[in-house]
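Chains as they are written, first to last, in our numbering: chain A, 144 to 577; chain B, 9 to 325; chain C, 276 to 571.
Mixed in with the good hints there might be a few duds.
Examples of chain B residues lying across from chain C (beta carbon under 8 Å, computed) [stated by the list, open to error]: (1) P75; (2) I98; (3) V99; (4) L205; (5) T228.
Only some residues are given here: those of chain B computed to face chain A with a beta carbon under 7 Å [to be verified]: (6) F177; (7) L183; (8) L185; (9) R233; (10) W237; (11) D257; (12) I264; (13) D288.
Stretch by stretch, here's where chain A covers chain C in the computed footprint (C-beta under 8 Å, at least three residues) [said to hold, decoys possible]: (14) 338 to 348; (15) 487 to 493; (16) 531 to 539.
Worth flagging that the hints you see were computed from the coordinates, not collected in a lab. Beta carbons are placed, not taken as given, at the ideal position from N, Cα and C, and that holds for glycine.
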Amino acid sequence: MKHSTRITTAATGLLAAAALAGCTGTAGGAGATGQEDIDTTGELSGTVSFQTWSLKNETFTPYFEDLIDRFESEHPDVTVEWLDQPGDGYQDKILSQANSGTLPDVLNLPPDIAYPLVTAGKLIDLDAADPTLAETYVPGAWEAYTYPGVEGVFGLPWYLGTDLGWWNGSALEKYGFSTDDLPTTDEDFLALAVEMGKASDGRMPLLSAMPTIDQFASNDIEILDDQGEFVFNTPEAAAIVDDYAEAYAAGALPPEALTGDYGGNADMFKQGKVAYTTAGSGFAGDLASDAPTIRESVVPEARIGAAPLFVQGINVSNDSDNKAAALAFAEFVTNTENQVEFVQLALGFMPGTVDGSADAEALSASVDDPLQKQAMEIVSEAMTDARILTPFQWTDAMKTFMDQQLALAIKGDLSGQEALDKAVEYANANRIEQ
Amino acid sequence: MTTTDLAPSTQSPATPPGRRPQQAGRRRHREPLYRRKGSGDFTKPSLPGLVTRYGLLAFVTVIVVGPLVWQLSTSFKGPLDDIYSFPPAIVPTDPTAENYVRVTDFIPVYRYAWHSLLVSVATVLSNVVLSVFAGYALGAMRFRGKIVVMGVLLSTMLLPGEVTVTSNFLTIRNLGLADSLVGVYLPGAIGAMNVLLIATACRMIPHEVLDAAIVDGATTWQRIRHIVWPNVKGMASVVAIFAFIGAWDDFLWPLIVLNDPSKYTLTVGMAYLNGNFQADPRLIAAGTMIALVPIVVLFSSLQRFFFRGVAEGAVKG
Amino acid sequence: MRSHRWFTPWLLVAPAVVWVVVFALWPFLNTVGLSFTDARPLSPGAFVGLDNYRRMADDDLFGYALTTSLVYVVVCVPLLTVLPLLLALLVEKTLPGITFFRTTFYFPVIASVVVVALIWTWLFDSRGVVNQALEWLGVIDSPFPFLVDRWGLLFVAILLTVWKGLGYYMVVYLAALGNVGRELHEAAMLDGAGAVRRFRSVTIPGVRTAMLLISVLVAVAAMRVFTELEVLSNGTGGPGGQSLSLVMLIRQVGQGLNGDIGYASTLSVALFLLTLVPLGAIAFMNRERKTSGAAA
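Isolated chain A, as found in the complex (with noise of 0.2 Å):
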């Protein structure tokens, strides 16, 4: 969903992350210990301030508007204050927030940016705080808010998301290949992709990204043991890697994804310059604005292989003056009416709740557009088996460790087990839960 540059993205917190830790002495400890039930029936009054990650704007400001609206007129004794962080350096402004004791007392936090906040006891457990939530959303988002070793539950399910293929149905023709019987198992795929590098001397590659964590996950290889430790160098994760070296030879690869970031692949489809990538759903939006050419012949298929679910999250901060009104909201934000009117604006995702996710027909309901449409489709049937493939242990570090050396092994200078053996080396080394 976000095509953004990882320049800025790429969050600084480093040092500045340094001078903070050296200050807060008390953080730590495993969770919210010893925390209690926060009644929200009583009478609700006070400020509650509500932070979102990059939704103000034309589309969604008009929504929070009024769902902050609606909410103090339910209490007419809360102000709700609406924050929005802008889409980089939002994991600095976590940060600083956390560490200066300035955490908005509800916050939109994925799994992964939650996880450290939960040791440091920033959030509430939720499940502790109402025990009657757990059965109100999809089990398998509510589970991304728990993690090992941890008693409780740091997040309301928000928006779920997973992806698709998007095919370059005129590339494909112009070197001789049809989108009528598109590859659906990664051998097929991976076959095609040589056929189609060597058919079009590497002008136009069908392959747009290395393999991913996800890639291997998806195709059953463990990522973690019950300890925690990474286990991910087997000799099928290795030969995954073996195939793309090979494609790579082919030219079913461009060179410029050995050193794609996330979004790079979506970014050179739209510049017309791969024949496949894999994106959200709200590509075909994407596409509409930035390569109106290439949308004329766009084809979108089920991803190949397990489908990815991305997790968004309301969390509520330990910190909070105000928990039991900031419960409130955060309860009110993700409950089943508010969540399907907002992923009506937010396309292609899925409410976080039971109820919300099981009439997927209504969502797109009010979309004219057919392959905004028919993605929407394909989205709502992957999501039914859709579940997370990298586990929160899995951090930005090792993520760019392991492409660095993954890009080696495809360019040849190492052998796929040798690449993956230093990734699993490194992620082992660096290991955050502890």
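Put chains B and C on the given structure of chain A with help from the hints.
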């Protein structure tokens, strides 16, 4: 543009550097720009020299403006134009100025630009004034501990800026300046590099001149005002430009300090253009073009100052 | 000559020193402390002695980053000390349209990095303009993947740095050129000195202090190179991380809420100490030039 300092033919070497050569080149003659055969004015290039010069200027210009042209073209592209086509299409097929209107609807560009301007101008002022003070002391005075001060200043230039962000945030918050434009401004109020730039310029002031002023009983303030300032004005405008651009372009620091969207600076506000679910490169391009305007204006107006120095130098000889 | 009371210079430098200590030195001392811990952003960590420093000594990525940064310094310092001077001389004279050119040459400095990176990758992409041109000229048979090759990436990044730096340092030279007397030029011309000799014997001595300053600034910036390599390699530092710079490595290790602050701090301390090397070299070469102003 001006031809003011083309060729003042005679100069009085006696003019003290403290005073600007009044109207040195105000007389404008209709003269050819290049040097004719037999002309004694060596400051002008010969005709082939002039042609080469323009040739080189044009060459560098082409190298330099590419990205800007693309950005400008993107900002005028309509919904039917491909943005990322390869090779890039420069001329929009569906041109529109709509993006400039939309971007101002989308975020309060002018209010954010005003905030950026406040911070940037304050940064420029304090940097110029404080750098001249410190630069004078370091460049033209003798005192114990100078080496230590130089060392401290220099060493801080070696730290990656990101190192300081969060620690500075805590400092700013303890001062009660979190979520304020003053808090955004404060850490950049004076930069070590700017002090060093001015110190370099001060070192170029002939010692005799300063010594003479001391003999005449000029106070430190008078010396700064009448001798140092006129001599370092060129470098001060460099400092002004650097400080302005630094403050104007900063993203991470204002993002950390500011919470209230009504206080945002332009860079932070513009980050919304690149948001989740919708990111239109046309809007981003239009926004960045607007953000460029103050810098271009500032530069083209300040650049004269760099060259005023050229005329003065001639006088000083 | 006693020209001032003893405290006058201190009063003058006080604001700068106070600022620098509060907003730069203090955070740095913090960093030094953290380099001996295993801190993470939200946990203070425990004292681990020299573990991080030992880790650094064995870290392949640190070796690559060190090489990258040193190559950067060695290549960029001469280029960016000389080329902007030539550019400044080119636009120094007042000619019709010169304001336009002066402003234009400053554009790279203010151009958005995102846009610049996009253009640059277009140029050096495996199917980009440069590769097409080289193929057409017959220099290469098949496209050279500049952006995924260790030295290719470095080459392109250095080009980008120089491109961006030209206008920046040009401005400093323009300010300094004001101190080069016109008479000296004229006298030298009357003596029959050619352009090259005048450049060497009149211009260079006149801007010597500025050259020193600029080489220091370039060395510091080169040691800390980040943006160019980051955007050209999408933050990966190229295959194997072989084109990482030190600052990129610091970010890779320490960024985000899960960053390894202890090790990142260690790398920062190393960067700081390493930057002293080129600076010391430049300072040493220029020890004699304390009163260059008198020469003008």
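So, going through the hints one by one against the coordinates:
no.	hint	result
1	P75	4 Å, holds
2	I98	11 Å, violated
3	V99	16 Å, violated
4	L205	7 Å, holds
5	T228	5 Å, holds
6	F177	5 Å, holds
7	L183	12 Å, violated
8	L185	12 Å, violated
9	R233	40 Å, violated
10	W237	37 Å, violated
11	D257	11 Å, violated
12	I264	5 Å, holds
13	D288	6 Å, holds
14	338 to 348	violated (count 0)
15	487 to 493	violated (count 0)
16	531 to 539	holds (count 7)
Hint compliance for this structure: hints 2, 3, 7, 8, 9, 10, 11, 14, 15 are not met, and every other hint is.
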